[in-house]
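Use the sequences and the hints to build the structure in full.
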Amino acid sequence: MTPPDSHRIGPISPMGPINPIPALEARNIAKSFPGVRALDGVHLTVRSGRLNALLGENGAGKSTLMNILAGVFPPDTGEILLDGRPVQFANPRTARAAGISIIFQELNLVPHLSIAENIFLGREPRTRLGLLDYTRLNREAAALLAELELDADPRTPVGRLRVGAQQVVEIARAVSFRSRFIIMDEPTSAITEHEIAVLFRLIKRLKERGTGIIYITHKLDELPQIADDITVFRDGRFIAAKPFAETSREEMVRLMVGRELKELFPKTSTPGTEEVLRVSNLSLRHPERAGDFAVRDVSFSVRRGEVLGLFGLMGAGRTELFHTLFGLHPELASGEISIEGQPVSVRSPRAAIAAGLALAPEDRKGEGLVLLQSVAENTTLACLAQCSRGGILQPGRELALTRGYVERLRIRTPSLHQAVRYLSGGNQQKVVLAKWLATGPKVLLLDEPTRGIDINAKKEIYTLIDELARSGLAVVMVSSELPEILGIADRILVLAEGRLTAEFPRGAATEEAILHAALPGNRN
Amino acid sequence: MNRHPCLEKLARFQSLLALVLMVMALSLASPNFLTVENILNVLRQISINVCLSLGMTLVILSGGIDLSVGSVLALSGAVAAGLLKNGLALPWFNLLVQFTVPGAIVAGILVGAFLGGLNGLSVTSFKLPPFVATLGMLSIARGFTMLWTGGFPVTGLGDTFGRLGTGHALGIPTPVWISALLVVVFIGLTRRTRFGRHLYAVGGNERAAILSGLAVPRIKLMVYALGGALAAVAGLLVTARLDSATPNAGLGYELDSIAAVVIGGTSLSGGRGSIFGTVLGCLIIGVLNDGLFLLNVSPFWQQVIKGVVILAAVAMDKMGSRKD
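Same order as they appear, the protein sequences are chains A and B. Throughout the first sequence, residue numbering follows this note's numbering, covering 1 to 524 in sequence. Throughout the second sequence, residue numbering follows this note's numbering, covering 1 to 324 in sequence.
No wet-lab data here; the hints were simulated from the structure. This one's a predicted model, so the numbers in the text were calculated from it and none came from an experiment. There's no promise every hint is true.
[As the list claims (entries may be wrong)] 35 Å max Cα-Cα, derived DSBU-like pairs, lysine-lysine:
#1 A:442 to B:127
#2 A:267 to A:207
#3 A:459 to A:219
#4 B:127 to B:306
#5 A:267 to A:204
#6 B:85 to A:365
[Claimed, not checked] If the Cβ cut is set under 10 Å, some of the chain B residues that face chain A in the computed set are:
#7 109
#8 110
#9 151
#10 192
#11 194
#12 197
#13 208
#14 212
#15 215
#16 267
#17 271
#18 274
#19 306
In this text, a Cβ means the ideal position worked out from N, Cα and C, and glycines have one as well.
Structure (structure tokens):
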């Protein structure tokens, strides 16, 4: 454990700097995880009263750096300077004590506790008897909600709020610490246009108060309203840092992507004419909010060889739509699904697989793979009947089948017996693809297939998707990355609050039009 | 990073190494340890725990736990003994069904499988945590054992049945043969069958297993039923050995069984481990008990030492797997 006064003066400046610079600085930070080098010597400086927008694609290492600054885990090498003095954070609590708080992209709220309880979790006001002072708790929470213009009773359980409102609660919590530096990790990924405007006004007030803000985003349109400086990362490396006024949109895109978009998306497939999957009036009742729907009256179809892109913000119901299609919510779902013209009843993943569906889930490690098991064991998991006779495994067949996919998908692994947890994210994703291709699917559902993998692996995944489409597979791909969806989809559907709000053929879609259709409350 | 798989292999040898060291130390400390007679004695003594622990390994690999094996052992043994001695009276039909030895054995195993199946149903259909489901069964099966026996041992079961526990073949005790045969069968089951592979997948990542279309509830049901059946086999061996089914048979055996599985390197969170490791775990506990007895260590100290060994084994295992 680091003592609470761990941000004492470092050995370099024993007397302390004469003129401390009010700034938070990360210098030469490196961090590796098994199978991936997440950060490789990056820098970031945010000054008091300014907003530094940290830009980069998924997998650039932005979130890793934020976790380091917030004390979630330590860097392998490099140092963090607060007002010019080196500091070390043992955990988020010490980071917060030093004046740094973070709004995580993933919601870190306890659903059964109320808004007020969540905001003040761990530092609840108490009465003189040591009991919780609910009057004060709710009063202070109400004041924060008013500042954020969220119209909700602070006593409402957070689980009953829509995802966007939950994100506002998360923001309220970070603000309530009155920290000197606030890190915002894609805070606008689920909120309405109105909520975004409120957030931007809040950011302005915070800056006037002298708060320094690190703002992670890949929505460049937001920057003119809030940004003072920009910093760009790519593939875990530091690329550039400059004042916002001295850069342009084109330059920022070039710095982020590092190459022409065309190079990244090798699009050669063209859709066939034969319809493979038709979904009619698919709905999913919300598991927690009675009377509400997570997916509402969604209808679409996919043709042979077509790549259908499905875009939506966080909480739009993308994953829920896939889960419903895959038979994970038989009690809550309604609607019809037919495959190659035949109506099918999909009431379990087993039935879905038998009908010719395959789902590569968003959470690769949590849902896609058995990390302890080998490449071969994962590849054959869904089709083990092919590699066994009378229940007895035939290792020869299993290895031959796996070897075929390892070659076809160019999976880089030292051996077929390597546990998949030691593979890089990109190769893990390929193993998930191999598992599903081995079941001989007609429709491949891909949920965020490139999340958390580096840019070269992404390119390989795009190439594979293109190859699969060319071989006649119908592909439905959910993505929250616009360039990706624009680059490889033949057709794009937009989902907002569980409904389809727009459809664009390839070529007719623009980032602005898609984003507009995706924002909650913009229903036509 | 390629170091890690090697470390894993090393971790598996840890328990083997511990066993070898123990055997060497005890051979030096006591002239009576490394004799054919004593070794066979150890093997016979652990055969009960081996049977229980085979089932326990499957249950733990699947991500569960079975606290009821001791009680299931007692009830299965008591039912087999009661049927063999008194037959089954069916007053409605005015019938008394007599049981042969094989008939009683089959009935005992069916009782075990049935009780295990009920555990499986509690876990899969009623979504009870395995700890709670089998804790309930621990009490229920013990209660039924008391009811069935009236609280008194059932004795005088005859020589044919008794040979199951006391007989020899080629100089090796029958229980050792039986447990060795079961070990071979279950090594095959876990390593060479689809069921075994699915079992590891369910324990390793249940969510991924469901999404891959595995019949997870059926696999779990099967695992608990097998666990119950193996507990019944252990119950038959105990009963035959003592020529008596006592209502308190198998009291606390679940703890030795879980200890053997854990010492053998099987992860309590499921998905990682092996039958071979469990056999090593049983051997380590057996040799430890035997050695401490030969060295005249007080039985009270024996318990303390066993506990320390369990903690040390799991701590080493944790340190091995926390490296990443």
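Against the structure, the hints come out as follows:
{"no.": "1", "hint": "A:442 to B:127", "in the structure": "holds (34 Å)"}
{"no.": "2", "hint": "A:267 to A:207", "in the structure": "violated (44 Å)"}
{"no.": "3", "hint": "A:459 to A:219", "in the structure": "holds (21 Å)"}
{"no.": "4", "hint": "B:127 to B:306", "in the structure": "holds (34 Å)"}
{"no.": "5", "hint": "A:267 to A:204", "in the structure": "violated (43 Å)"}
{"no.": "6", "hint": "B:85 to A:365", "in the structure": "violated (56 Å)"}
{"no.": "7", "hint": "109", "in the structure": "violated (21 Å)"}
{"no.": "8", "hint": "110", "in the structure": "violated (22 Å)"}
{"no.": "9", "hint": "151", "in the structure": "violated (44 Å)"}
{"no.": "10", "hint": "192", "in the structure": "holds (5 Å)"}
{"no.": "11", "hint": "194", "in the structure": "holds (5 Å)"}
{"no.": "12", "hint": "197", "in the structure": "holds (6 Å)"}
{"no.": "13", "hint": "208", "in the structure": "holds (5 Å)"}
{"no.": "14", "hint": "212", "in the structure": "holds (4 Å)"}
{"no.": "15", "hint": "215", "in the structure": "holds (7 Å)"}
{"no.": "16", "hint": "267", "in the structure": "holds (8 Å)"}
{"no.": "17", "hint": "271", "in the structure": "holds (5 Å)"}
{"no.": "18", "hint": "274", "in the structure": "violated (12 Å)"}
{"no.": "19", "hint": "306", "in the structure": "violated (29 Å)"}
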